[in-house]
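Asker: Residues per chain, in single letters:
Number of protein chains: 2
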Amino acid sequence: MDTITAYKSHLTEIAKLGSALSLLGWDQHTHMPKKGVAFRSQVIGKLTKMRFELSVSDELGSAIDELEGRDDLSDLERGSVRRVGKDFRRQKAVPPEFVEEFAVARSNAQAAWAKAREASNFGDFEPHLEKMVGFARRLAEYYGYDDHPYDALLEGFEPGMTCAELRRIIEPLREQLVPFLARLMKEGTRPDASALEGTFELETQRRLARRALETIGYDFDAGALDDVAHPFTTTIGPGDVRVTNRYADLHLGPGFFAALHEGGHALYNQGMGDDLFALGLANGSSNGIHESQSRMIENQVGRSLPFWTFFQPILAEHFPQFAQVRPETLHGAANIVEPSLIRVEADEVTYNFHIMLRFEIEAGLIDGSIAVSDLPRLWNDGMERYLGVTPPNDALGVLQDVHWSMGAFGYFPSYMLGNLYAAQMLTTLRKDVPNLDELIRSGEFGRLLSWLRKNVHQHGAAYEPKELIERITGDPFDASHFVRYVTEKYSRIYRL
Amino acid sequence: MDTITAYKSHLTEIAKLGSALSLLGWDQHTHMPKKGVAFRSQVIGKLTKMRFELSVSDELGSAIDELEGRDDLSDLERGSVRRVGKDFRRQKAVPPEFVEEFAVARSNAQAAWAKAREASNFGDFEPHLEKMVGFARRLAEYYGYDDHPYDALLEGFEPGMTCAELRRIIEPLREQLVPFLARLMKEGTRPDASALEGTFELETQRRLARRALETIGYDFDAGALDDVAHPFTTTIGPGDVRVTNRYADLHLGPGFFAALHEGGHALYNQGMGDDLFALGLANGSSNGIHESQSRMIENQVGRSLPFWTFFQPILAEHFPQFAQVRPETLHGAANIVEPSLIRVEADEVTYNFHIMLRFEIEAGLIDGSIAVSDLPRLWNDGMERYLGVTPPNDALGVLQDVHWSMGAFGYFPSYMLGNLYAAQMLTTLRKDVPNLDELIRSGEFGRLLSWLRKNVHQHGAAYEPKELIERITGDPFDASHFVRYVTEKYSRIYRL
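For the record, the sequence lines run as chains A and B. If you count the first sequence from 1, position 115 lands on 115 in my numbering, and the numbers rise without skipping. If you count the second sequence from 1, position 364 lands on 860 in my numbering, and the numbers rise without skipping.
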């Protein structure tokens with residue numbers, strides 16, 4: 001067998017274990033009975049270990065070494081060797097004892113975080129967070145970096161992204177968004193938020209979510225929609241990308257937009273060719289690019305007036321109380337801006353502030369310029385500065401997110417980057433498909449989907465985010481598209 | 497690590513792979529989208545191979561050798577070493593090339609069978625069946641046997657069972673059942689079959705099946721109920737034993753009794769201690785013993801008058817049209833005897849005849865006394881002889897079952913043995929719990945379940961069927977209990 005064939009066959013074996021692991025994980029959150037949990041962890045542990053061993057095998061290492069020197073590879077193959085090679089070296093750089101030690105400490109930290117959040121007492125979590133920061137700093141040293149240790153961690157979520165680049169992006173964003181938000185709140189006319197409130201039967205919400213997914217082009221012959229406590233999308237394998245969702249009894253928004261959000265993620269993976277599995281590329285380019293796909297479908301499409309013009313009659317079919325509600329009213333209710341305490345509930349305008357604050361804190365924790373003990377104060381100051389709100393307690397403040405208890409520093413920026421990537425893509429999409437709004441208004445989502453497939457989905461992880469954005473838009477990545485998108489949209493909705 | 501600890505740890509690793517495989521299989525039939533099928537086969541193939549390698553490893557072989565010589569093992573450990581040792585040697589006895597060749601031929605034979613059945617043409621399947629018989633005969637030689645080659649195949653489904661023993665069991669059964677069926681048909685009064693017919697909303701049938709499962713003691717915290725085309729029960733792991741079911745629109749019977757049937761299987765596995773997984777004993781004693789548990793719950797409990805006396809008001813809660821229907825009417829409709837063409841639709845009285853016919857044919861095919869080309873004739877003669885019906889075509893005759901296309905010779909007798917084991921157990925159960933009918937009439941199933949747990953479930957595969965029956969009943973296995981049960985029950989229902 002020649003090297004590239006052996007390489008692909010090795011990656012296919014990894015993909016098979018990955019498929020079993022994805023199913024075990026999906027089932028754990030959807031159908032597994034509670035008494036199955038203990039053994040399930042063991043099964044997942046075993047398969048994870050087997051997959052890890054395949055991922056760091058010498059056989060794979062020497063295939064990567066050889067293929068890196070070859071100049072007869074296809075674009076996809078080259079992208080694969082780069083991506084797989086990077087991952088291989090990162091995994092090899094970390095001593096197995098560290099991995100185990102980290103896993104144990106992480107498990108304890110997560111438990112401590114859950115208790116501390118319940119008691120709303122940062123002090124209970126502090127020593128664990130100290131440890132997590134320590135692990136993350138050591139991890140950065142193992143991985144290596146040129147400039148800032150945080151870069152080494154970012155790389156795991158957003159290949160090619162750096163601390164300096166994030167600062168360059170964030171500065172103009174903040175400078176324009178802070179005054180815009182203030183103007184919106186002071187001079188804007190807030191739409192009526194009540195249109196999406198009421199009592200909504202669960203089974204009908206499920207059918208509506210299904211219909212919304214079908215509308216955007218999600219393929220149910222290659223997927224499924226199941227109930228879950230915290231929605232996620234998972235790729236079980238080629239032809240099997242599943243969405244999960246949850247619903248609120250008294251508000252249509254959370255269940256509906258979460259379905260569109262997960263649907264956006266799912267379209268990405270459904271749009272990847274089966275051949276990407278044998279190349280280790282059947283993932284998004286990065287967490288941020290993945291998030292761009294979910295945000296585009298949820299916000300730029302799903303919270304647009306053309307969308308609601310098309311969807312209002314469908315909504316009324318499911319819930320007759322909407323028969324006389326104007327699309328403009330639904331659109332307004334879907335786009336309320338409200339500085340608030342909780343990131344996951346934030347709107348398009350305020351969301352990025354939550355991330356900016358977390359990024360500042362994370363970078364400081366990792367380079368040592370911020371002490372863990374200062375976090376509650378820094379958090380509350382930041383919330384006041386960005387959003388003008390002050391958390392009444394730690395649970396609604398610094399303890400709200402699970403990420404740090406998992407040692408996942410460098411993850412948060414992806415959420416913000418997703419918004420920015422999506423806006424920059426949208427600029428190009430609107431040039432390429434000038435009648436986009438018209439198509440959406442008449443329920444034709446095919447052109448949108450084929451544009452996304454061609455420009456984003458089909459490439460999987462072959463290109464890093466920066467390259468991908470430049471390939472698609474012809475311009476380097478920057479925040480101006482998002483600023484323009486968000487100020488235009490909300491100036492109109494809030495009648496500035 | 498001492499040998500017994502290493503042995504258990506090895507079996508636990510096998511159980512973990514088995515758990516992943518069970519989940520992959522369950523999902524394939526319940527939730528997997530159709531486009532996921534190709535890769536799923538590959539994933540299952542990989543894990544199956546890995547499990548096989550662990551099951552025939554030299555490490556396990558020498559542990560078995562050593563443990564077989566030890567006299568300080570517990571009963572369960574001794575049962576484990578015997579069972580695991582037998583399986584180990586059977587797997588080792590078959591050359592890997594044979595396994596692969598058989599797998600390919602089987603896959604072709606199944607496809608050919610499906611087409612032949614659709615065209616109702618035995619001739620199209622005949623060459624494939626020739627091959628399957630050939631493989632089965634070679635398999636018997638690899639496994640080895642003392643008396644009849646069929647014994648080697650039976651051992652895989654019914655440890656300790658032989659062709660001679662089956663003949664000993666069947667002869668008196670046939671001699672008494674044939675005239676009884678004739679009398680029933682001639683002199684009996686057939687109950688009204690229409691009580692369970694009507695139009696039954698799917699979702700309500702699901703709720704009713706759930707309620708029936710809860711009634712018999714199935715633990716939903718350690719299981720789940722899902723829709724499927726062909727109902728089955730599967731053990732994903734300790735604390736996770738799942739039931740699947742299907743429903744008919746116009747008849748309540750199939751969905752309801754299939755749920756009880758699968759529930760009986762599931763109670764068995766839910767009743768096994770978690771420690772059996774590390775001993776390779778978390779299965780039934782045999783296919784037949786497993787079937788005894790499903791048949792007992794489905795037929796001896798679920799089709800009894802005490803059951804319907806208790807359950808009629810619950811049925812009426814779900815389907816109000818039953819509010820005025822007497823338990824006796826439901827009981828009658830649930831116990832219609834009807835010589836018919838199709839095994840899976842057969843009633844308690846006629847079912848075993850379908851098996852006797854298949855057993856005669858299988859034994860003859862394996863010892864060479866019957867030629868494949870004679871099957872349609874032999875089949876139709878047998879149906880006439882046992883049941884007085886003649887299949888109008890091969891699809892409703894010799895081609896109706898999938899088993900032979902899978903090369904699974906020796907499987908059918910387990911279905912019959914299940915009925916007989918259950919009847920013999922019931923004799924003892926009635927002695928131990930004299931007020932059983934009264935308990936069932938008042939909806940108290942706890943005593944029944946604890947009896948089954950103590951006598952059957954908790955042992956898993958520690959005892960072979962023959963031993964287990966003698967342990968439970970104090971008597972050697974024979975068919976008289978079944979004959980008595982079935983003649984008494986149906987004499988009453990048919991007012992002989």
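The reader is advised that the hints may include incorrect statements.
[Unchecked claim] Some but not every residue of chain A turned toward chain B, in silico, with C-beta under 10 Å:
1. Lys16
2. Gly273
3. Asp275
4. Phe277
5. Phe310
6. Ile314
7. Ala316
Rather than coming from a laboratory, the hints here were simulated on the basis of the structure. The model shown is predicted, which means the values in this text are computed figures rather than measured ones. Ideal Cβ placement from N, Cα and C applies to all residues, glycine included.
Asker: With reference to the structure, classify each hint as holding or not holding.
Answerer: Hints, one by one, checked against the model:
For Lys16(A), the shortest C-beta to C-beta distance to chain B is roughly 5 Å, which falls under 10 Å, so the interface hint holds. With its C-beta approaching chain B no nearer than about 13 Å, Gly273(A) sits outside the 10 Å limit, and its interface hint is violated. Look at Asp275(A): its Cβ only gets to about 12 Å from chain B, farther than 10 Å, so that hint breaks. At its closest, the beta carbon of Phe277(A) sits 8 Å from a beta carbon of chain B; the interface hint therefore holds under the 10 Å criterion.
Checking Phe310(A) against chain B: minimum C-beta separation of about 26 Å lies over 10 Å; hint violated. Taken as an interface hint, Ile314(A) does not check out: its beta carbon lies about 23 Å from the nearest beta carbon of chain B, beyond 10 Å. The restraint placing Ala316(A) at the interface with chain B is violated, with a minimum CB-CB distance near 24 Å, outside the 10 Å limit.
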